[in-house]
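Sequences and hints are given; from them, build the entire structure.
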Amino acid sequence: MKAILMTQPGLPDLLELREIEEPTITEPSQIKVRLRAAGVNPVDTKIRRNGLFYPNPLPAVLGCDGAGEVVEIGGAVSRFNIGDSVWFCHGGLGGDQGNYAEYTVLDERWAAPIPQSLDFEHAAAAPLVLITAWGALYDRGRLQAGQTVLIHAAAGGVGHVAVQLAKLRDARVLATIGSAEKAELARNWGADTAIDYRQEDFAQRVNELTDGQGADLVIDTVGPDVFRHSIDCTAHFGDLVTLLDPGNISLQEARMRNLRIGFELMLAPMLRNLHEARDHHVEILQQCGEWIDQGVLNIHVSQVLPLEKAAAAHALIETGHTTGKIVLKIS
1 MKAILMTQPG LPDLLELREI EEPTITEPSQ IKVRLRAAGV NPVDTKIRRN
51 GLFYPNPLPA VLGCDGAGEV VEIGGAVSRF NIGDSVWFCH GGLGGDQGNY
101 AEYTVLDERW AAPIPQSLDF EHAAAAPLVL ITAWGALYDR GRLQAGQTVL
151 IHAAAGGVGH VAVQLAKLRD ARVLATIGSA EKAELARNWG ADTAIDYRQE
201 DFAQRVNELT DGQGADLVID TVGPDVFRHS IDCTAHFGDL VTLLDPGNIS
251 LQEARMRNLR IGFELMLAPM LRNLHEARDH HVEILQQCGE WIDQGVLNIH
301 VSQVLPLEKA AAAHALIETG HTTGKIVLKI S
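Counting in the UniProt record's numbering, the sequence shown tops out at residue 331, every number present.
Hints are computed from structural coordinates only; laboratory data are not their basis.
Careful, some of the hints might be misleading.
[Claimed, not checked] Here are the in silico distance ranges between beta carbons for each label pair:
no.: 1; residue 1: Pro-224; residue 2: Glu-69; range: 28 to 36 Å
no.: 2; residue 1: Ser-117; residue 2: Glu-276; range: 25 to 33 Å
no.: 3; residue 1: Met-256; residue 2: Pro-59; range: 29 to 37 Å
no.: 4; residue 1: Glu-276; residue 2: Pro-9; range: 47 to 55 Å
no.: 5; residue 1: Asp-201; residue 2: Gly-83; range: 28 to 36 Å
no.: 6; residue 1: Pro-9; residue 2: Ser-331; range: 24 to 32 Å
no.: 7; residue 1: Lys-329; residue 2: Gln-252; range: 47 to 55 Å
[Stated by the list, open to error] Capping the alpha-carbon separation at 20 Å, the derived lysine to aspartate or glutamate pairs in EDC-like fashion look like this:
no.: 8; residue 1: Lys-2; residue 2: Glu-27
no.: 9; residue 1: Lys-32; residue 2: Glu-102
no.: 10; residue 1: Lys-2; residue 2: Glu-16
no.: 11; residue 1: Lys-32; residue 2: Asp-96
no.: 12; residue 1: Lys-167; residue 2: Asp-139
no.: 13; residue 1: Lys-329; residue 2: Asp-139
no.: 14; residue 1: Lys-309; residue 2: Glu-283
Beta carbons: idealized from backbone N, C-alpha and C, even for Gly.
Structure, rendered in structure tokens:
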């Protein structure tokens with residue numbers, strides 16, 4: 001089968017299209033999937049740049065997000081039949097094979113039926129960002145109706161679904177963006193106010209919009225500088241959740257505000273074999289699938305590239321200027 005291989009850590013052009021052996025079912029609970037599309041996420045680019053999560057030798061197939069058709073099932077499979085369409089977040093970290101390939105094998109437990117209204121490309125774009133945004137907002141952030149939430153990088157992969165999930169919880173959404181185009185997108189997804197961080201101090205603006213109280217919940221998807229500055233606009237007794245390592249910073253003001261600091265790494269259950277947590281991830285996909293079919297949750301795909309253009313997809317993500325998701329189409 002065709003697959004994109006990470007041959008060594010480094011630049012995007014180290015990704016190579018090669019022919020490799022098809023994976024086979026080795027456990028009775030596994031399904032074999034003919035992949036039709038694979039989502040490309042920032043974590044893919046970080047692994048490519050820095051190395052695998054596991055000590056396994058290279059080359060490796062990257063890509064956590066996949067969508068396709070079940071073509072073979074193990075003897076104990078009960079949830080899926082041959083021909084079913086599935087989406088999932090599985091593999092791509094250096095352990096199990098990723099989804100930049102024509103086929104993959106995974107336990108049926110980690111897959112969910114694709115929403116009826118989604119094509120393969122939009123389905124492949126969604127799992128990691130949906131699970132991450134849900135975890136940050138609902139599980140770690142404890143978002144409640146009527147609260148104010150600040151979502152950074154609201155036009156990005158996680159950000160654009162986080163805005164929509166927050167509105168589904170009847171929250172007031174403040175969103176940081178970096179262009180007029182992204183501001184319009186954020187408002188279309190439900191943001192009440194879009195704050196251009198290039199033009200104004202976002203913390204000052206949030207405090208103005210909340211009469212000096214700050215946001216009840218802040219979701220940081222950017223990194224240390226944004227995390228540090230977000231403390232100044234998180235409400236006393238509020239929640240500040242980050243997807244990244246905030247680095248070695250002073251938490252004196254966070255302590256004075258009695259903030260709850262939360263971390264959301266949706267890959268942890270896969271990395272540490274936390275099966276109940278992964279069951280929750282599949283439940284998230286099932287609920288989000290219902291909302292997608294109801295038309296109240298949308299997945300924004302900015303570009304679809306052929307599998308052989310994986311290096312170009314990585315390069316685009318690393319510019320930091322993309323909106324929504326980039327997807328590889330697997331013919």
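Hint-by-hint comparison with the structure:
1. Pro-224 to Glu-69: 28 to 36 Å: violated (42 Å)
2. Ser-117 to Glu-276: 25 to 33 Å: With a Cβ separation near 29 Å, Ser-117 and Glu-276 satisfy 25 to 33 Å, so the hint holds.
3. Met-256 to Pro-59: 29 to 37 Å: Since Met-256 and Pro-59 have Cβ atoms about 50 Å apart, the given range 29 to 37 Å is violated.
4. Glu-276 to Pro-9: 47 to 55 Å: Given about 33 Å between the Cβ atoms, the range is violated.
5. Asp-201 to Gly-83: 28 to 36 Å: violated (54 Å)
6. Pro-9 to Ser-331: 24 to 32 Å: holds (29 Å)
7. Lys-329 to Gln-252: 47 to 55 Å: With Cβ atoms ~49 Å apart, the hint holds.
8. Lys-2 to Glu-27: violated (23 Å)
9. Lys-32 to Glu-102: Holds, at roughly 11 Å.
10. Lys-2 to Glu-16: Distance of about 10 Å is within 20 Å: holds.
11. Lys-32 to Asp-96: holds (13 Å)
12. Lys-167 to Asp-139: Cα-Cα ~16 Å, so holds.
13. Lys-329 to Asp-139: violated (32 Å)
14. Lys-309 to Glu-283: violated (32 Å)
This entry does not satisfy hints 1, 3, 4, 5, 8, 13, 14, going by the numbered hints stated previously.
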